[in-house]
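There are 2 protein chains.
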Amino acid sequence: MRDVAIIGVSQTKFGELWDESFRDLITTAGMKAIEDANIEGADLDAMYVGNMSAGLFVQQEHIASLIADHAGLTPIPCARVEAACASGGLALRNGIMAVASGFHDVVISAGVEKMTDVVDPTPAIATASDQEWEAQQGITFPSLYAMMARRHMHEYGTTREQLAMVSVINHKNGAKNPLAQFPMEITVDTVLNSTMVADPLRLLDCSPVSDGASAVILCPAEEARKYTDAPIYVKASTQASGTIALHDRKDLTTIDATVNAARSAYKMAGLKPKDIDAVEVHDCFSINGLLAIEDLGFVQKGKGGIAIEEGMTELDGKIPVNPSGGLKSRGHPLGATGIAQAAEIVWQLRGEAGKRQVEGAQTGMTHNIGGTGGTAAVHILSN
Amino acid sequence: MRDVAIIGVSQTKFGELWDESFRDLITTAGMKAIEDANIEGADLDAMYVGNMSAGLFVQQEHIASLIADHAGLTPIPCARVEAACASGGLALRNGIMAVASGFHDVVISAGVEKMTDVVDPTPAIATASDQEWEAQQGITFPSLYAMMARRHMHEYGTTREQLAMVSVINHKNGAKNPLAQFPMEITVDTVLNSTMVADPLRLLDCSPVSDGASAVILCPAEEARKYTDAPIYVKASTQASGTIALHDRKDLTTIDATVNAARSAYKMAGLKPKDIDAVEVHDCFSINGLLAIEDLGFVQKGKGGIAIEEGMTELDGKIPVNPSGGLKSRGHPLGATGIAQAAEIVWQLRGEAGKRQVEGAQTGMTHNIGGTGGTAAVHILSN
Chain P
1 MRDVAIIGVS
11 QTKFGELWDE
21 SFRDLITTAG
31 MKAIEDANIE
41 GADLDAMYVG
51 NMSAGLFVQQ
61 EHIASLIADH
71 AGLTPIPCAR
81 VEAACASGGL
91 ALRNGIMAVA
101 SGFHDVVISA
111 GVEKMTDVVD
121 PTPAIATASD
131 QEWEAQQGIT
141 FPSLYAMMAR
151 RHMHEYGTTR
161 EQLAMVSVIN
171 HKNGAKNPLA
181 QFPMEITVDT
191 VLNSTMVADP
201 LRLLDCSPVS
211 DGASAVILCP
221 AEEARKYTDA
231 PIYVKASTQA
241 SGTIALHDRK
251 DLTTIDATVN
261 AARSAYKMAG
271 LKPKDIDAVE
281 VHDCFSINGL
291 LAIEDLGFVQ
301 KGKGGIAIEE
311 GMTELDGKIP
321 VNPSGGLKSR
331 GHPLGATGIA
341 QAAEIVWQLR
351 GEAGKRQVEG
361 AQTGMTHNIG
371 GTGGTAAVHI
381 LSN
Chain W
1001 MRDVAIIGVS
1011 QTKFGELWDE
1021 SFRDLITTAG
1031 MKAIEDANIE
1041 GADLDAMYVG
1051 NMSAGLFVQQ
1061 EHIASLIADH
1071 AGLTPIPCAR
1081 VEAACASGGL
1091 ALRNGIMAVA
1101 SGFHDVVISA
1111 GVEKMTDVVD
1121 PTPAIATASD
1131 QEWEAQQGIT
1141 FPSLYAMMAR
1151 RHMHEYGTTR
1161 EQLAMVSVIN
1171 HKNGAKNPLA
1181 QFPMEITVDT
1191 VLNSTMVADP
1201 LRLLDCSPVS
1211 DGASAVILCP
1221 AEEARKYTDA
1231 PIYVKASTQA
1241 SGTIALHDRK
1251 DLTTIDATVN
1261 AARSAYKMAG
1271 LKPKDIDAVE
1281 VHDCFSINGL
1291 LAIEDLGFVQ
1301 KGKGGIAIEE
1311 GMTELDGKIP
1321 VNPSGGLKSR
1331 GHPLGATGIA
1341 QAAEIVWQLR
1351 GEAGKRQVEG
1361 AQTGMTHNIG
1371 GTGGTAAVHI
1381 LSN
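Protein chains in written order, with the numbering used here: chain P, 1 to 383; chain W, 1001 to 1383.
Calculated from the structure, these hints are not laboratory results. No residue lacks a Cβ here, since even glycine has one placed at the ideal position from N, Cα and C. Some hints here could point you the wrong way.
[As the list claims (entries may be wrong)] In the EDC-like style, the derived pairs of lysine to aspartate or glutamate whose C-alpha atoms are separated by at most 20 Å in a straight line are:
| no. | chain 1 | residue 1 | chain 2 | residue 2 |
| --- | --- | --- | --- | --- |
| 1 | P | Lys267 | W | Asp1045 |
| 2 | W | Lys1301 | W | Glu1359 |
| 3 | W | Lys1176 | W | Glu1035 |
| 4 | P | Lys267 | W | Asp1105 |
[Claimed, not checked] If you want the ones that stay clear, here's a sample from chain P, every Cβ over 10 Å from chain W, calculated:
| no. | residue |
| --- | --- |
| 5 | Ile63 |
| 6 | Ala100 |
| 7 | Asn193 |
| 8 | Glu223 |
| 9 | Thr228 |
| 10 | Gly270 |
| 11 | Glu310 |
This is chain P alone, in the form it adopts within the complex (with noise of 0.2 Å):
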């Protein structure tokens, strides 16, 4: 297996975006990504995309031939790659594996959504939970997250406030980063004033919905010195399935999904959790942002709201979490979540996050879920 790098990375503004359509986006961050790594679009070989749901949102499949059609890059392969809001993770992980495979020298991951055309985008979100059990019943994603944050209030005393300073620490980070659709601080007192959605999680509990596309460019790595002076390394690439449907899970507070593709990620890297200098996690919810630092080893099962009230995960905490302001604060456009992850830690790690860099940051890890955690992409990266 060839080892990769990433050695160009790239992100739209998030947010709604009524002057740019689907095709537009997904281009202009293929071209920033390019700009990025120093590269034209003939030197690639093979291109990736990330995305939960054209066909819903903007009445197109087919999204690998209407890219490489629209940004010139025909007859170069393309595939779309989907799994819910991970399908950004597993563009990245196809990638690298086209890469680390020999299939293909220089690959393009991406991700892209544009969920504003449509007059309610709930139906199309709704796809990503099991439609029989689930989506046809009437439960939507806030109502599945709501219970999981009710019973993890109820196991182990997690507060509301605790919950509401999982979106005040995105906020704070998000204001500093002039690609994220909300760039403004919050207080815990606007969070649990703000709009009740599904008992207990408020409006500023709920990511967005967002229009955005980002990539990275990939290389084996033992080439990226050819193209760039700060390469970062694929130390680990995984990925774990779980059940689609929450009332199949024996446990409500742990994202299996999420703990087994942690641990390969370790195993893959050699690395444990304090190994980690920043991570960008799939907090889709806030209660989501909490049981990722539980289910990827930063704190014990029940612990994470603590950690959260104490300081841990902010930027100068322990453990930095979501220093690019996170889905919440940042916006998340479905299919370009897992790639936007990926690029915020390769500003972190080389340096260029400006008011949000990580001092220091050499190892970062995304992490990036499916539904209510059906699907679990993580990758560890480190220069």
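Here the structure of chain P is known, so what remains is to put chain W in place on it, guided by the hints.
Same frame as chain P, but now just chain W:
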């Protein structure tokens, strides 16, 4: 790069399967392939699933997790890959890369589509074309392929009867395939008198709307004999993209993606068209069965019609095409097709194809395309 072998294959019956759900179909195909490979579910390391649009056909994205859950195969990773009707070919290719890279050892690559749970599948199928420049203008796939057919007739004198022969030969083979959706013979007259769909294409020039699933099991070539006495080896696995929009092509009578994927495949395998003993081509419409043998290099451009008329593609011809019955007779559950093609070639190379056996077949090829040729995947298999 590790060499890769196929140790098990399966296909469900294709057809209008009212009593089998999406999740039942894919699980059945998976179990049959596991049985064929003489392994157990617990031996699997990873799954790839080709599917064009469960989102639009059964309102279910995140099928990777659904399948892992329903089949009881969590926590192994599962990824859906999509490129319209070439989704199955991409699932095969990415499964091969997962094994070749060393990331995984025993991988199942499957494909599935459940198309008959909607009142009209046409809008979903149309998302394989360029939504903004083609589908929204009202054009559908029969009419896109009709233009390609008309142009081929104009340029090369291809006759209406020669197109009909593509369907006739497919049905002659498919009549010997118990898993085919339409296992009966038809005549040129039946085709020419069937309902007009998009001039010059009539109903019996068109592949049907189908439900179905198929699966293949892959492992490192050097370990294949642990599982089977008749491993089939992957000699080439390639993919190319072309423009998604037909009007962007220089030539309506050549599918560049097929030409490019085939050229790469022959190079990767170190083989020439004359070395192929049987080929499964993507005859979604009769014209495409004809273009395929030209673009894959079996006959010169423009000579496809004559070659078919003279019997070159029959079961006992110079290059037997679609011994399975092809998309026309076997059926075309979009995401399953690319995998079912590989299953057929494996049966042929093992000498297990019964009455439709190509005598002495040692090397076979599959050709799977998406849209009007925005994507093409080509595989060469050998025993």
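For this session: Go through the numbered hints given earlier and state which of them the structure violates, listing their numbers in rising order.
Result: Hints 2, 3, 5, 6 not satisfied by this model.
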